[in-house]
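Heads up: the protein sequence lines correspond to chains C and B, in order. The letter at position 256 of the first sequence is residue 590 when you use the numbering used here, and the numbering goes up by one with no holes. The letter at position 202 of the second sequence is residue 206 when you use the numbering used here, and the numbering goes up by one with no holes.
One or more hints might be untrue.
[Stated by the list, open to error] Below, simulated DSS-like cross-link-like pairs (lysine-lysine); rule was C-alpha separation at most 27 Å, straight line:
(1) K385(C) / K175(B)
(2) K635(C) / K472(C)
(3) K648(C) / K373(C)
(4) K648(C) / K462(C)
(5) K515(C) / K462(C)
(6) K385(C) / K171(B)
[What the hints assert, rightly or not] Examples of chain C residues toward chain B, derived with CB under 7 Å:
(7) I397
(8) S400
(9) E527
(10) N528
(11) R537
(12) M541
(13) Y544
(14) V547
(15) D554
(16) T569
No lab work stands behind these hints: they were computed from the structure. Where a beta carbon is used, it is the ideal one built from N, C-alpha and C, also for glycine.
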Amino acid sequence: MTTTESSTDQSLVAHLLRRAAFGGTTQELDHFANLKYEKAVDELLNAQDTKSIPQDVIRRYHIDQSDLRTRPSSSGNWLYQMVTTNAPFPEKVNLFWHRVFATAQTKLIQGKAMSTQLDMLREFGLGKFDELLLQLSKNPAMLMFLDNQDNHKGSINENYGREILELFSMGVGNYTEEDIKECSRAFTGWTVENTDYMTLKMRNNTMRPYGYVNWQFKFDPEDHDDGEKTFLGETGNFNGEDIIALICKNPATAGFVARHLYHYFVADEFPVPQWPHFEPKDPAAIKVMTDAYFESGYSIKAMLRALFLSDSFKSQASWNARVKSPIELIVGTVRLAGGYDGPSQDVYEHITASGYMGQDIFAPPSVEGWMGGADWISTGSMVQRVNFAGSVIGNLDNTGVVALISKIKSDAGSSSSSESLVRSCLKNLGNLEVSDETLVGLVQFTINATLRSSTEKIPSANARPDQNASNTSDQAIASLLQLIVSTREYQFV
Amino acid sequence: MTTQTKAKLNYVDTVGFGADVGGRGFHIPVDLSIRPDGRIYAVNRSPRHRLGIRVGICDVNHGWYHEFGSDGTGDGQFTGPTAITHGPDDRVYIADEELNRITVYDPEGEFISKWGEQGSDPGQINGPSGLKFTANGELLVVDHLNNRIQRMTPDGEYISHFGTTGKARGKFNLPWGIDTDAQDNIYIADWRNDRIQRFSSDGKFIDMFGSPGREEGQLERPSDVAVDQEGFIYVADWGNQRVQMFDSDWNFQQSVRGEATVSPWAQDYLNSNQDEAEARTRFNSIIEVDTDDPHEASSRVEGYLWDPTAIEIDPEGRLIITDSLRHRLQIYQRANE
Numbered sequence: 335m336t337t338t339e340s341s342t343d344q345s346l347v348a349h350l351l352r353r354a355a356f357g358g359t360t361q362e363l364d365h366f367a368n369l370k371y372e373k374a375v376d377e378l379l380n381a382q383d384t385k386s387i388p389q390d391v392i393r394r395y396h397i398d399q400s401d402l403r404t405r406p407s408s409s410g411n412w413l414y415q416m417v418t419t420n421a422p423f424p425e426k427v428n429l430f431w432h433r434v435f436a437t438a439q440t441k442l443i444q445g446k447a448m449s450t451q452l453d454m455l456r457e458f459g460l461g462k463f464d465e466l467l468l469q470l471s472k473n474p475a476m477l478m479f480l481d482n483q484d485n486h487k488g489s490i491n492e493n494y495g496r497e498i499l500e501l502f503s504m505g506v507g508n509y510t511e512e513d514i515k516e517c518s519r520a521f522t523g524w525t526v527e528n529t530d531y532m533t534l535k536m537r538n539n540t541m542r543p544y545g546y547v548n549w550q551f552k553f554d555p556e557d558h559d560d561g562e563k564t565f566l567g568e569t570g571n572f573n574g575e576d577i578i579a580l581i582c583k584n585p586a587t588a589g590f591v592a593r594h595l596y597h598y599f600v601a602d603e604f605p606v607p608q609w610p611h612f613e614p615k616d617p618a619a620i621k622v623m624t625d626a627y628f629e630s631g632y633s634i635k636a637m638l639r640a641l642f643l644s645d646s647f648k649s650q651a652s653w654n655a656r657v658k659s660p661i662e663l664i665v666g667t668v669r670l671a672g673g674y675d676g677p678s679q680d681v682y683e684h685i686t687a688s689g690y691m692g693q694d695i696f697a698p699p700s701v702e703g704w705m706g707g708a709d710w711i712s713t714g715s716m717v718q719r720v721n722f723a724g725s726v727i728g729n730l731d732n733t734g735v736v737a738l739i740s741k742i743k744s745d746a747g748s749s750s751s752s753e754s755l756v757r758s759c760l761k762n763l764g765n766l767e768v769s770d771e772t773l774v775g776l777v778q779f780t781i782n783a784t785l786r787s788s789t790e791k792i793p794s795a796n797a798r799p800d801q802n803a804s805n806t807s808d809q810a811i812a813s814l815l816q817l818i819v820s821t822r823e824y825q826f827v
Numbered sequence: 005m006t007t008q009t010k011a012k013l014n015y016v017d018t019v020g021f022g023a024d025v026g027g028r029g030f031h032i033p034v035d036l037s038i039r040p041d042g043r044i045y046a047v048n049r050s051p052r053h054r055l056g057i058r059v060g061i062c063d064v065n066h067g068w069y070h071e072f073g074s075d076g077t078g079d080g081q082f083t084g085p086t087a088i089t090h091g092p093d094d095r096v097y098i099a100d101e102e103l104n105r106i107t108v109y110d111p112e113g114e115f116i117s118k119w120g121e122q123g124s125d126p127g128q129i130n131g132p133s134g135l136k137f138t139a140n141g142e143l144l145v146v147d148h149l150n151n152r153i154q155r156m157t158p159d160g161e162y163i164s165h166f167g168t169t170g171k172a173r174g175k176f177n178l179p180w181g182i183d184t185d186a187q188d189n190i191y192i193a194d195w196r197n198d199r200i201q202r203f204s205s206d207g208k209f210i211d212m213f214g215s216p217g218r219e220e221g222q223l224e225r226p227s228d229v230a231v232d233q234e235g236f237i238y239v240a241d242w243g244n245q246r247v248q249m250f251d252s253d254w255n256f257q258q259s260v261r262g263e264a265t266v267s268p269w270a271q272d273y274l275n276s277n278q279d280e281a282e283a284r285t286r287f288n289s290i291i292e293v294d295t296d297d298p299h300e301a302s303s304r305v306e307g308y309l310w311d312p313t314a315i316e317i318d319p320e321g322r323l324i325i326t327d328s329l330r331h332r333l334q335i336y337q338r339a340n341e
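Whole structure, please, built from the sequences with the hints as guidance.
Structure, rendered in structure tokens:
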């Protein structure tokens, strides 16, 4: 790994793009590798989307993505953004928050509320954590998901009050049961407009008579407990904003958020319920982020910048050390294959495939989100992953794949060996690094495929390894790409 | 000094009900055509769900007649219906932007014929999105992905076309809806150019109106246009979630955001679901929203128009609006102030 004043090692850039984005094309890799690493990080973190398919175009052709009633509509709409944006980092962060602030359309029924929550994450997810937590606490999807419309003055419902402490900010062990009650009291009266009707419609699960009505936050002063409360050792007539301020200045919150960020962006940690019982794997990385948290006034972007610049993140030990989530696999593969050049029914096939692989966007399995890590891999999901990636990257009807193959051939040169063709494929698949054993297998496959292309004969097991591969057919290269995305190495990020 | 009299749109009624599996009601109606006898034919897109893809026939007095068509590629079926119109022969013509074909039915919805071939050559179509018969019985097809208007015979024979891709006058960027006026001038909702263009009956550019924005008189992705017998022009200002009315010189008259009420069909539903009817007694359908985004605001206010996709004038001069995402028709009538 090398970084200089003016450039960065391609492998490090590839690692950065895998973690902070959805991997990179060779053009993206080349671009960032020509920058000093710190500048590459800053450019990635501050990029503005100028390329994603406009929402009006999507809504015209996918009218279902205008009312966003069904889950393929709402999650498919997000997939469009992830695949077509030229600022992927914020979308990666949105996925992170969706995992932490797990909210499920399966209970809420209407996808518009989920989409509105996503818009909120997009706006506040990289800002100050206290503002994000405030917006989350006012977010109708979250309020309804955790039943805060049933949290009344004199009759509290602890669901949101508990989860904001346990799952969203501090973690178990850093507050008491009494704190949960006091926290819940502070959030009484935080509800949605037309509470009764909206709750009933959600329960009855019916779009009649006139479709779903999206929710809007409402503060009901009549239902708010304005009395004195003692929370985390401090006493006052706290409301929700006060509670969030107390939460965010607590060191436990900085540590909890940092551990989540490490868990998602660097290396798999223990499952969250075990965090009270085990120290973080990398205390130095956590400290870098908690320092940034307080120095920046709770900025998430500052924490991530500090993380990406840290030795913990850059260390080769963390490269390709996490299993790709289904969405990372799908978005990354589709982007490599050229993405979507307009509205396409493919988006529904792709988002459905994510569910088959174990990650139904907007339908996390519990309030704790997806466990991730090795849980992504099972006999069934592995078949789905390989079939999906192979079908996308090997589709010669896709002009993006044809362009990718053309680039691979160009990079490999006019008199390339089978090995150089394989290496060109690996480079064009995000600078994928494979073991020697895998490389030998890929090269042998290429030798056989090249012979098949040039002679139309059954290849010999003793084919010469220096066989000129420049005449390898597009179909053979597509097959090679399919084989590469089927490897163990492609499953990691 | 003379004072210009402004026309005013008065809300009349709401027809419809969300029926996503067929039956009395609509599921994402995207266009309508009104027969001379006043019967309204509304074509439902019903995306994803697809069980509600069909044409529903009703009238402004909440009469429900029947429905025809279904999801599929067979004769009489459609997968991506966008436009419907009646021909002078009383036949019904439906455009399908996914199958790139026009299907012809008798007034009862029985399949008669179909035509259309995808492409960009004269006579071929790519994403038909609007249909309108001229006074002399020729069918104008908004061939939107080819950014042109094609003039065809009712049987699909090519006659001529006008328009190309672009922003200059007479050019289009993904046009959508179409109408003609009493002089047979042609009006096109030039969707992604945020304007309405007016052409003579032979396709010569006359003038155009519109600039992007949310102010009165500005347009954001207009999806359809209708002209009444006195020349007043109505624009489905889709991106702004409203309908605007102009006089024939494009002078702004009024903008309506929608004020739907509970239709008799909806009331029947509430009568048989007493828990919802009871909760609805405390339901404030017009809340003050905390967003400037018209689409988001429409999602939160049940009475507002939400994706007003198509508009037509009925024989009594009433303006019928397909309130697509609310599965209903909102009806207005013009009056002079």
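Hint check results:
{"no.": "1", "hint": "K385(C) / K175(B)", "result": "holds (24 Å)"}
{"no.": "2", "hint": "K635(C) / K472(C)", "result": "holds (22 Å)"}
{"no.": "3", "hint": "K648(C) / K373(C)", "result": "holds (15 Å)"}
{"no.": "4", "hint": "K648(C) / K462(C)", "result": "holds (25 Å)"}
{"no.": "5", "hint": "K515(C) / K462(C)", "result": "holds (26 Å)"}
{"no.": "6", "hint": "K385(C) / K171(B)", "result": "holds (21 Å)"}
{"no.": "7", "hint": "I397", "result": "holds (5 Å)"}
{"no.": "8", "hint": "S400", "result": "holds (6 Å)"}
{"no.": "9", "hint": "E527", "result": "holds (5 Å)"}
{"no.": "10", "hint": "N528", "result": "holds (5 Å)"}
{"no.": "11", "hint": "R537", "result": "violated (9 Å)"}
{"no.": "12", "hint": "M541", "result": "holds (5 Å)"}
{"no.": "13", "hint": "Y544", "result": "holds (5 Å)"}
{"no.": "14", "hint": "V547", "result": "holds (5 Å)"}
{"no.": "15", "hint": "D554", "result": "violated (13 Å)"}
{"no.": "16", "hint": "T569", "result": "violated (32 Å)"}
Violated hints, listed in ascending order, are 11, 15, 16; each of the other numbered hints is respected by the structure.
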